[in-house]
Amino acid sequence: MEEIFQVLGLIAALLSLLPLIAVDYWWIRIFDFPHLQLTAFTLLAILLYFFTFKPKWVNDYAYISILIGCFIFQFVKFIDYTPFVKVEVNDSSEHVNEDSIIEIYTANVLQKNDSGDNLYQEIKEQKPDLIVFTETDQRWSKEINQQIGEAYPFKIEQPQDNTYGMLVYSKLELTDTKIRFKVDPDIPSIEAKVIMRNGKPFQLYAIHPTPPMPQHNPMSTDRDKELILTAMASHNSEIPVIVLGGDFNDVAWSDSTQLTKTIGKLLDLRIGRGFYNTYHAQYPLMRWPLDHILTSPEFRLKDAGTGTNFESDHFPSWAILTFEPELAEDQAPKEPSKEDWQDVKKQMKKSGIENLIELPDAIKDAGD
Numbered sequence: 001m002e003e004i005f006q007v008l009g010l011i012a013a014l015l016s017l018l019p020l021i022a023v024d025y026w027w028i029r030i031f032d033f034p035h036l037q038l039t040a041f042t043l044l045a046i047l048l049y050f051f052t053f054k055p056k057w058v059n060d061y062a063y064i065s066i067l068i069g070c071f072i073f074q075f076v077k078f079i080d081y082t083p084f085v086k087v088e089v090n091d092s093s094e095h096v097n098e099d100s101i102i103e104i105y106t107a108n109v110l111q112k113n114d115s116g117d118n119l120y121q122e123i124k125e126q127k128p129d130l131i132v133f134t135e136t137d138q139r140w141s142k143e144i145n146q147q148i149g150e151a152y153p154f155k156i157e158q159p160q161d162n163t164y165g166m167l168v169y170s171k172l173e174l175t176d177t178k179i180r181f182k183v184d185p186d187i188p189s190i191e192a193k194v195i196m197r198n199g200k201p202f203q204l205y206a207i208h209p210t211p212p213m214p215q216h217n218p219m220s221t222d223r224d225k226e227l228i229l230t231a232m233a234s235h236n237s238e239i240p241v242i243v244l245g246g247d248f249n250d251v252a253w254s255d256s257t258q259l260t261k262t263i264g265k266l267l268d269l270r271i272g273r274g275f276y277n278t279y280h281a282q283y284p285l286m287r288w289p290l291d292h293i294l295t296s297p298e299f300r301l302k303d304a305g306t307g308t309n310f311e312s313d314h315f316p317s318w319a320i321l322t323f324e325p326e327l328a329e330d331q332a333p334k335e336p337s338k339e340d341w342q343d344v345k346k347q348m349k350k351s352g353i354e355n356l357i358e359l360p361d362a363i364k365d366a367g368d
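Numbering follows UniProt numbering, with no gaps: position 251 of the sequence shown is 251.
Taking lysine-lysine pairs in the BS3-like style, the calculated list, with each CA pair at most 25 Å apart, reads: (1) K302 x K334; (2) K350 x K182; (3) K86 x K302; (4) K338 x K349; (5) K200 x K302; (6) K193 x K178.
Quick list of the computed label-pair ranges, beta carbon to beta carbon: (7) K124 x E94: 20 to 30 Å; (8) D184 x N236: 20 to 30 Å; (9) Q146 x G352: 37 to 47 Å; (10) K124 x A40: 30 to 40 Å; (11) T82 x M286: 12 to 22 Å; (12) P325 x R180: 25 to 35 Å; (13) K178 x Q146: 21 to 31 Å; (14) G274 x E125: 20 to 30 Å; (15) V85 x K56: 35 to 45 Å; (16) K112 x A151: 23 to 33 Å; (17) L327 x K56: 54 to 64 Å.
Derived from the structure by calculation, the hints contain no laboratory data. Note that the Cβ used here is the ideal one computed from N, Cα and C, for glycine as well.
Starting from the given sequences, assemble the full structure and let the hints guide the process.
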């Protein structure tokens, strides 16, 4: 019995370490996702083993030491998403002009889901300014338009039947709108300049990359390619940026999302506040943060949260942001290091995108 317990504990610890292997195979990358669950299992294994079997021998203490080391590694990986660290997106100032406030809402509807009533009710109550819907086919597109279309005069619509349809609904003016297929002719992303009520624009990037799963894509290369292209576009943007992933198919603490943030000069409102787990809505013990709202430093956070359960596999995600560019320096993200640019260069070569976008001098100077 003791040996079986030791094996189970070591398996949990090793599965948390697997994502350290720098390969794109789905059966490696998938273990980025249940990091919280594996960490909890490792801690449980430590406590149960220590108090149940009462270690006596050197190998017992060696086993516990290995698990403790793995637990520390696991905990450090997500400590940023707890109140133990300083927030990355500062709280909004007290007296912000109403015209500088914007509420954003994202919802992965689950294409086969036919229960949208709770979703529409929440949207009608919260009245967000900008909404990104993902997994929208023609049926969802028609129904959403019937339910809330009149309140949102500006729309970008790309319904599809392959679970990668996307809609953008906005009360704010949208200009320079583009539906792009950066990675795959069947996987859209949406770009637009959004004109806030104060007349200032920001650049919106709405993405929904493929997950590293055998039924979707056996490698994470395409997902990482879309993330890095979005990061480079954000890096080169001359106006403030908001990146909305109504399903990044990547967790907040993964190396690929972290690199996207760093290169894109973006901030994560979760840091210092909480996980805001959005997936899986139907399984409370198997949840992690898959939907993301990343901003440039001109924005601050008034409030944020996850939305109602409407029978999708995702909870909606929402944030109320304030535009305060005069305070951007107070939360300016760190500049990408040479090592970061080297990682980008490797990812770009792996994805075959080296010549598709304008490259900054920093990446040209980065060694292999």
